[in-house]
Each structure stands twice: as C-alpha cells, then as structure tokens.
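Undergrad: These are the residues of each chain, in order.
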Amino acid sequence: MKKLAFGLIVAVPVALLGWVYYRAFCLYPDTDPATILNYRFTGAAYAITWAIQLGYLAWLAVKERAQNRNAACNRLNPR
Amino acid sequence: MKKIVIIVYAAISVALLGWAFYQAIYVAPEEQTMHEVQRIFYYHVPSAMVAFLFFAISLAGSVAFLAFRRGRTEWAQISDAWALAGAEVGVVFCTVVLITGPLWGRRAWGIWWTWDARLTTTLVLWLIYVSYLLLRRFAAGPQVQTLAAVLNIFGALDVPIVYMSNRWWRTQHPAPVFGGGPDSGIKDPAMLAAFGWNVIAWLAWGLLILAVRYHVERQRQRYAAQEAQAALDDTSNA
Chain E
-16 MKKLAFGLIV
-6 AVPVALLGWV
4 YYRAFCLYPD
14 TDPATILNYR
24 FTGAAYAITW
34 AIQLGYLAWL
44 AVKERAQNRN
54 AACNRLNPR
Chain V
1251 MKKIVIIVYA
1261 AISVALLGWA
1271 FYQAIYVAPE
1281 EQTMHEVQRI
1291 FYYHVPSAMV
1301 AFLFFAISLA
1311 GSVAFLAFRR
1321 GRTEWAQISD
1331 AWALAGAEVG
1341 VVFCTVVLIT
1351 GPLWGRRAWG
1361 IWWTWDARLT
1371 TTLVLWLIYV
1381 SYLLLRRFAA
1391 GPQVQTLAAV
1401 LNIFGALDVP
1411 IVYMSNRWWR
1421 TQHPAPVFGG
1431 GPDSGIKDPA
1441 MLAAFGWNVI
1451 AWLAWGLLIL
1461 AVRYHVERQR
1471 QRYAAQEAQA
1481 ALDDTSNA
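Protein chains in written order, with my numbering: chain E, -16 to 62; chain V, 1251 to 1488.
Hints are computed from structural coordinates only; laboratory data are not their basis. Computed from a prediction, not measured in an experiment: that's the story for all the values here. Note that beta-carbon positions come from the ideal geometry of N, C-alpha and C, so glycine has one too. It cannot be assumed that every hint is accurate.
Pairs of lysine to aspartate or glutamate, EDC-like flavour, derived with a Cα cap of 20 angstroms [claimed, not checked]: (1) LYS1437/V / GLU1281/V; (2) LYS1253/V / ASP15/E; (3) LYS1252/V / ASP15/E; (4) LYS1437/V / GLU1280/V; (5) LYS(-14)/E / GLU47/E; (6) LYS46/E / ASP1483/V.
If you want the ones that stay clear, here's a sample from chain E, every Cβ over 10 angstroms from chain V, calculated [said to hold, decoys possible]: (7) VAL(-3); (8) TYR4; (9) CYS9; (10) PRO16; (11) ILE35.
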C-alpha cells in the first residue's frame, strides 16, 4: 500500500508536468498566443490541483509514520 | 481483508480520476466563448461540491461531539475525529477552488481576483476553517475540542451563504450551473458527462483521503489515551 502510494505521489506529478509541457510548448506550434495562454492556464490549474491533493496525502503519510514512531519510542522508554 | 478493500478502493478512485481527466480534456468539446480555459470548470466545480460535503460532515461531527461529550466519551472522540477530518480535507478542496478559480478568472475576466460576493464568502469560509485547524493545532487544555466544535458550527453557517451568494446578489462570478433558473444547466451531453465523471471521481478520492485522515486522528487519540493512562499509573505507583 505504501509503495503504491509512493509510486502515485511520484508518477502522477511527473506525468502531469510532462503533459503540461507538451500542451504548452509542443502542441500546435503555429497557434496564436491567446490560445497558447489558455492551454497553459488550464494545464497549470490541473497540475496545481494534483500537487495539492498528492502533497496532502504525502503529509498524512509522514504524520502517521511520525505518530507510530513516537508511540513505539514511548513504549520502549516509559517514563 | 480490510487492507485489500482499501487497496481496491484506492485503485478504483485513481482509475476514476484518470478516466475523468480523459473525459474533461479529450472528450468534452471546447466551449465556444471561453475556449480551452473553460476546462478548468471540470476541476473547480466538483472540488467546491466535495468541500461543501466535507464541511457538512465536519458540522455533523461537531454537533455529535457536543451532544456526546458528557456521557459517551468514546462516541464523542469518534465524532470529534470526523469533525477534524472533514474540516481538514474540506480545506484542501476549498484551497483547490480558490486557486483554480483565479486561474480561470485571469483568462476569462482579465483579473486574478475581485471582491465579488461569491469569491469573498468563499475566502471567508476558507479562513474560518483554517482558523479552526489552527485552534486544534496550537491551543491546549481540556476545553479545546469544545471550543473548536462551537467555532465549527459558526463556520458552517457560511456554507449556505457561499452557495446562495450568486443567487442573492449580483455577482461577477458566473450564474449557478444547476438550479439557477430556466437557462441553467449543461446543455451538451459530452460536457455533462465529463462534469459528472469528475464529480464522481473527486468524491471517491475525497472519501478516500477523508477515511485516511480519520484513521490517523483516531490513532492519535488512542496513543494520547495510552500516554495519559501510563502517566496516571506512574502517579499512583509513586
């Protein structure tokens, strides 16, 4: 489960960034600047959405891990 | 068994998000006036819908906490965990709304932000729930959960105001897509399907991270209870 989550957190932003780059710089090279800007803004909105969602998931994973580590530490070294 | 169910559900959620992404970008036709930038709508509106749902879950959790806090401690703790999880995941979705909205507005209106009723009430909603989370994080003492629950109930009052703002007042924000009068609604079936898939996908994803957040909070409560018990045992042994 952790490996799957880690893979997702790495793979999705990389794929999205590639997609944004492709749409912004490679697709329709002779298109007018306004349309290119539209592509960039849409790509940015999608990429930021995913960054926020996956960043939050990663933060939750880190938080859970720290919590478990602290609890294990307290069990080993009781006051 | 539980682990397999979680993995299958997570896989379904991710597959749904992939399918919804494909629908929004490659299947739904380009809108005639706003063109490509209108596709931001497929992430912006479902995120707002999911945020509202999670703030409602948070409200229900806070009300239940206040109801159970004197008699049924375990139920109160469960309610409080739902209240916190709902508020936090709701803030995540509300943040997405507040970022994707200005990105669309910059292309459609030529400005990033305007102090329009819908935008302002949404920003106020976000600030209220961020203050709720800060209170939970930094305040100490036995009354924190109760104070946070009361703040949550007051904060939830802003949700219907945000929802109704572009019905009650003349706003620059577009008119409601659904339930906004005879002209509202998505006319193109492919656009409607893309929107529907994105609502389902983001709801499925949101429920997944809500469940994860709830699990983390319940675990924290259990560890805190164990620590308190250990401290009590130490005191009685001394």
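Undergrad: Please write out, lowest number first, the hints stated earlier that are contradicted by the structure.
TA: 2, 3, 6, 11
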